[in-house]
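J.: Sequence:
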Amino acid sequence: MEKEADTGTPLVDPITEFSALYSQISSSSGEFSNVKREAALVQLLDKAPEHLEKLLAFLFQKIEEEEGNEAIVSGTIGILELLVKSEENFVTPYIMVDFQQALCPLLQNPSYLVKETVTKLISTMGKYGHLTLECSTVFVRFLLDHSVLPCDRPSPDGKKIEDQGIKLKDLCRKSLSECIVNSSMTKVLWPLLLEYIIPGQYVASIPLLLKCVLLVVTKLLREEPTSLSIVYPEYNNQGIPTTYPANQRIPRPPTLFLRFLVLATSASVLNQEHAKALRIMALLRPSISKQLGKSWVSRIIQLLNYLEGDKKNFSKKIWDEKLLLFLEFTLRGIAMQNWTASFLEAVTLQLPFSHQQPHDKSFLYRSWGIAQKISEEPQSEEQLWTCLESINCQEAVEREGFACGVGFWASADLHGVLCELKRMTILTNKLHNGQELYYLKLPSCTEMVQLLMLCYQYVTLLTPNEELLPVMESAVIEEIVECYGYGPSMDSNPEIQREFVRSLLITGKFMAREKVTFSNVQLREGLMKYLLDILMEESNEDLSSQILPDVMIALSYLGELDPPLTEEMNNLLISSCFRRIISLPLFGHDFLKSGIPNPLKSLYQKTFESLDNVILTVLEKQPTPENMFGIFQHLSEWLTSKRAYERIRAMKLSQLLFSFYNSSEEKKFLPHLGFFFGILVPRCFDQVTAIHKWATGTLLSILQENQGHRVGYLEGKADESELKPRASHWTLNTPHFRPSDLAWLICEQLPSMELMPFLLTALDGVDEDVTLSGSIVALLRGVMHITGTRLKDEIPLLLTLLVEKLNSFKDEVAKREIRTTIQDLAKTSPKTVVTRLLKSSLPYDRDVREIWNLLGSNTSLACETLPILLQPTHKAKARRGSKIDEEEFSFPAKAQALWEVAAALQCREPLEGIENEVFITYLLSLPLNNTLQLSESQIQTMEDGLKNLLELRGFHEAVVQTEEAGGWKLLTNSQLLHMGVMVLVRALTKFPIILNRNVLDGLLPFLKSPKEGCRMVCTALFSELLGDLKLGKLEKPSLKEALKLIIKNTTDINPTIRLLAVKGLGNSLMGLPEKALKYKKTIFKVLIDTLCWAWDPKIIEETLVVLGKFLPLLETLKQPTAVQLALHVRALFTDEKSSLRVAAVRLFGLLISYFDKKKPVYLIQVGRSLGSLLILLQDSDPLVVKTCKAVLLRCCSFLGQTPLKNLLENILSEGEINFPQLYDDICKLLIENYPDPATVPSEAIAASTAEILSYMKDQNMKMSRSESTKELFKLL
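Residue numbers (my numbering): 2 to 1277.
Calculated directly from the structure, the hints in this document are not laboratory data. Possibly wrong hints are sitting among the right ones.
[What the hints assert, rightly or not] Computed cross-link-like contacts, DSSO-like style, restricted to lysine-lysine with a CA-CA straight-line distance of at most 27 Å:
1. Lys-1086 - Lys-1041
2. Lys-1086 - Lys-1158
3. Lys-1049 - Lys-1099
4. Lys-86 - Lys-63
Turn these sequences into a full structure, and let the hints steer you where they fit.
T.: Structure (structure tokens):
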């Protein structure tokens, strides 16, 4: 311990006192009250003047010792702040230097509490002027750093840390504001504040920094202007400053200018901050460049006036353009290559700071392009690739900015830019092929394609025309196409499509404006096909994003160029545009109600205007009638659309088309006028009022332009049914004109050669869903009526369309008009109409039948129609006795038509001269009921037609007789048709005039027709006629021929025809007895063969009956034939059908008369038949029993069995028979009177007896056991 001099009093160590007082001050226990701690603090501060250095050392030592205790450290710093605030000026500069150096480590303390205390200490030092030292810069930077840096340090308690950070930032900003107003601090802050003016880095603090800078600069300019100048270090060869430390971060003039320029346009700050940046820039003019004069400041004032002027009309785009112009003015004003180079470097260095500010980066790219444009020497390529690597291609504004910068550059060095773009294309190709670019971090292939196309767009927009024209095709358009090929498919990449379309739009506009010739024709066609593909692929789902207008405008520009497009390309262009645009969904109030924005309406309007431009371009390039006709042909498809809005759009385009053509100086006579009229006339009757008004006006304009003043007025009333010529001074003065008047007008003004195209086109355009179809057909009927025979050769084609329309229409008015039209055409050329109707493939429905009815009800038309329907029959005639060739009857359509016409006939006149052919055809058509699926009404028409024919010819009695006999029902029954024919023939035999030789000769060939129906009808008819003696005498030759053919038909494959043929043979004995006798042996043989091979009971029965008729005519019968016939007949005795049994028994009875008693073979047949005949006595059919009785008696007489005959005569006459007793008695009698084997073979009697006994056994009849019976059994 030190001792005090002289007095001897010991000196107290101040450190000990500091420690004691510090312990009281920093004690956290309740040992010392607040009053004592404050007193200790006062004592400590009182010792500062005497032991300041030791006290400071003590306090900093305590800070170091208690580094982890933020409360003690903060309290200790607070003591230091009190020392600085002391009124006594005991802190010397040397002590302050040591003090600040000792304080520097506390700036790195992580505790926010410590930092807040340090901030307060720094603020106090600044207030008392202790921050003017050279070493004080670190404390000023501390305030600046914590004023601008974001509070984003992570922590478990994030919210608390964020609040503490905000509190610290606010405290630093407050301290900084206090420093700014302090005169001693102004020079300290300047130009240090400029280091923090970095756009994009301290976005949130930019307003504060600009405010501070503006205050400092203004204050210095007012108080000490010389201090405002910035002294920049001079760099040695190694790039190290030689005049002051290398950590100096004050931006150089180009960088400083760039930063304030970016802040003047940055989207991250408000307009008032833009104004501050410009004002600071104006105040720092000498520091930026001494070459800038007052005019430069005047430019800034103009910018400020625009910025602070009309806020409503302020445009960000215009503002950026003004700043870019100001940049170019500045660079040209400085005119120093090294300054421009530094500016370009500053741009590339600023890009990373603005990576989250797309607008700022876009502006930087444009600024880079302006500087490249001004630069006199080519700059390093690294700057281009640096810019390219920094682009975020997801941001459209960045892509636009880069492309615009390239465009600015190209305006001064086109060749260099094209070379660099070519290099970019090569790199894009590598990316497209999947190659890695390790030395560059470029965007993706798709993004590079978009970027390249944008660059070419701005190169086209910003490069002088005289430089760009020579290389436009080879160096720009071809490169755009090549880039387009690198992108993904069009279907999946709408962005590339969009940029491609915009590129062609801009380049096409440039070439069209300069009126150059597109020398590479294939390239132009390829471009247009690309555009048309994009046009057709555009989806309607998102209408607001469509590029349809741009596509079509680009097509218009390309179409304007020379040489003109080929006809094929023109057709493809027009058809594709029409198909895509006219079919766009309807835009109306519903779109707006559903939330579609109003701009969509303008997009639709622009789309249709662009379609107009395409049409006008094609027309202007080739204003010929043929070209107009080609466009209208494509348009006609949409004029007939079922959608009203499509027709409206097409009609508007047609008006545009005709208006342009009418105003053209090279206008000529419009070709294909019939086609134009044919398309427009249906539209004159459109159900949409606006459409038929437009159609009327367009139609009138065509007439007026092509026929001059021949078009007059249609005045007064006119009856549509009147088709008489009228005066030629009518015209259409209202859209609601009459069809008859328009028909006359068309016929008067339309050339003859155009009538048919007009009719065909107009017919094709009739649609009952969208037009007044009845009125249109009435108009066309009027035109056809007026033109008369001039259309005779075209009737088949007209009929085709009319019948098709008739089948498709539902409107009865229109159908009636069409039917009447067809009737009118039939008057002109009946043969053509009838033939075409017969060839029609349409279903035979009510409409077609109505047409035939109309033809039949009109006597004159019926006279023409019937012969046409009967033409094949006229050719079918053949000479008698010669080989008959049957006609090939193409029948169903004609037959059905004949039924309808015959049913509609009103008088006999149409039948005169063709009665026989009509009757023949009608008979032959009856089987169609079996082959066609006729409706009930058609069947009824068939019946009514035949009745009508007979009634008109005066055969009413035959009609009634057929009706009474049920013949009409049989005729309409496909299964019983032959019976109906036979009934009808019986009724007609009373009228030989109808069944005359011509009729019979006409029907004879059909007895051997390959068609079963015809054979059956004719066989039924002739089989019935062969039984009429009167007719047989009158028409003997025809019936003779018929008999020959009927004999052949007995072997027909159809059983019904065979039956009818057999019946005819039987009837021939009545109608042709002589002829039948002549052919009796042939007929008998045919009948025997039929009996042998027939399986149908009806045929067998009929054959037996006919054999019974022919057998008496034979004088002798050969033994084999007789035996064969007897065997077949005996086999039929037991048939299930009673009538067949009767016929068989009868025929057997007739056969016995041809048997010779001396020949055993006959005796055997008769003997063996006894059993079957005796059994038939018990038959349920009385006729069978009666016939058997008679035949049995003849058999007994033939066999010489008199006892048996007597027994049978006695029993049969007694009435009821006891069959068991009868059979028993017969068996006894046969044994007792057993015939001589020499006369009657025993086996024949035995067989008959056995048959009886077997039958009795089956019937459970009691048999006698007499000796005779036993003998019989022995015999058997």
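J.: A separate judgement is required for each hint: does it hold in the structure or not?
T.: Verification of the supplied hints:
Proposed proximity of Lys-1086 and Lys-1041 is supported: the alpha carbons are some 18 Å apart, at most 27 Å. Taking the CA atoms of Lys-1086 and Lys-1158, the gap is near 24 Å; set against the 27 Å cutoff, the hint holds. For a cut-off of 27 Å, the pair hint linking Lys-1049 to Lys-1099 stands: about 18 Å separates their Cα positions. At most 27 Å may separate the alpha-carbon atoms for a hinted pair to count; Lys-86 and Lys-63 meet this at roughly 20 Å.
The structure meets every hint from the earlier list without exception.
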